[in-house]
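So the sequence shown is residues 1 to 230, counted in full-length UniProt numbering.
Some hints here could point you the wrong way.
[To be verified] Using 16 angstroms as the maximum straight-line C-alpha spacing, the simulated EDC-like pairs for lysine to aspartate or glutamate come out as follows:
| # | residue 1 | residue 2 |
| --- | --- | --- |
| 1 | Lys178 | Asp165 |
| 2 | Lys168 | Asp146 |
| 3 | Lys50 | Asp132 |
| 4 | Lys136 | Asp106 |
Hints listed in this document are in silico derivations from the structure and should not be mistaken for laboratory results.
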Amino acid sequence: MDEINKTNDEIEIDISALMKLLKKNIKMIVISTVLGAVIAFLVTNFFMTKKYASTARIYLVPKVTEQGVVDSTALNSNSKMVNNYMSLMQGETILSKVAEDLNIEDVEEVKNSLSITNVNETEIIDVKATTDDPKKSQAIVSKTVDIFFKEMQEKLDIKNMTISDQPKVNDVPVSPSKKMNTAIGAMAGLLLSCGYVFLQYLFDKRLKTKAEAESFLGVPVLGEIPWFED
Numbered sequence: 001m002d003e004i005n006k007t008n009d010e011i012e013i014d015i016s017a018l019m020k021l022l023k024k025n026i027k028m029i030v031i032s033t034v035l036g037a038v039i040a041f042l043v044t045n046f047f048m049t050k051k052y053a054s055t056a057r058i059y060l061v062p063k064v065t066e067q068g069v070v071d072s073t074a075l076n077s078n079s080k081m082v083n084n085y086m087s088l089m090q091g092e093t094i095l096s097k098v099a100e101d102l103n104i105e106d107v108e109e110v111k112n113s114l115s116i117t118n119v120n121e122t123e124i125i126d127v128k129a130t131t132d133d134p135k136k137s138q139a140i141v142s143k144t145v146d147i148f149f150k151e152m153q154e155k156l157d158i159k160n161m162t163i164s165d166q167p168k169v170n171d172v173p174v175s176p177s178k179k180m181n182t183a184i185g186a187m188a189g190l191l192l193s194c195g196y197v198f199l200q201y202l203f204d205k206r207l208k209t210k211a212e213a214e215s216f217l218g219v220p221v222l223g224e225i226p227w228f229e230d
């Protein structure tokens with residue numbers, strides 16, 4: 001018997017008995033697992049707010065010499081300016097104009113929807129917006145990039161930027177994940193049902209075998225009464 005001491009009172013867990021109990025309750029465990037998956041899927045599909053994303057990709061075009069070679073000095077300069085451009089794009093000046101043009105009352109809504117990142121420390125900037133409306137996400141990205149380009153050209157005379165990937169309306173939600181949530185629901189159902197069986201075993205104080213009776217009473221068992229199920 002594989003045993004594990006649990007307390008000073010020598011409460012023991014018989015692994016083989018526990019496995020038998022799990023096997024006996026396998027139907028309940030399977031039903032709980034399936035039920036957890038179904039509930040998680042239904043909640044995800046019908047009650048959780050779907051989020052849609054749209055992304056534009058900006059490329060800082062390096063200067064090319066008369067010999068058709070990329071200017072390394074200009075290339076290094078572009079790399080250093082990436083963080084500056086990202087900060088400017090998320091500034092109040094740009095975002096307030098985006099909110100105004102799109103009739104969005106709260107600038108914070110625009111700010112919270114935007115994610116601006118540098119791609120692998122290159123001269124490429126990804127501008128992504130995530131909202132509960134695919135058209136709104138595309139509009140925020142498009143307007144942000146347009147206003148940023150205009151501001152940079154008019155105020156700083158920067159004209160070496162181009163949009164390599166235009167923002168699109170994506171009808172496929174990026175969250176919540178049905179597969180992930182369904183898997184989590186199934187796992188929760190499995191763990192809860194197994195936990196219930198384990199507690200059922202742990203608090204069951206009945207003596208089930210001759211060895212348990214002899215160990216508990218401290219005397220040998222002289223006879224057994226067989227149990228016959230109808």
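Cross-check of the supplied hints:
{"no.": "1", "hint": "Lys178 with Asp165", "result": "violated, 28 angstroms"}
{"no.": "2", "hint": "Lys168 with Asp146", "result": "holds, 14 angstroms"}
{"no.": "3", "hint": "Lys50 with Asp132", "result": "holds, 6 angstroms"}
{"no.": "4", "hint": "Lys136 with Asp106", "result": "holds, 14 angstroms"}
Consistency note: the structure conflicts with earlier hint 1 alone.
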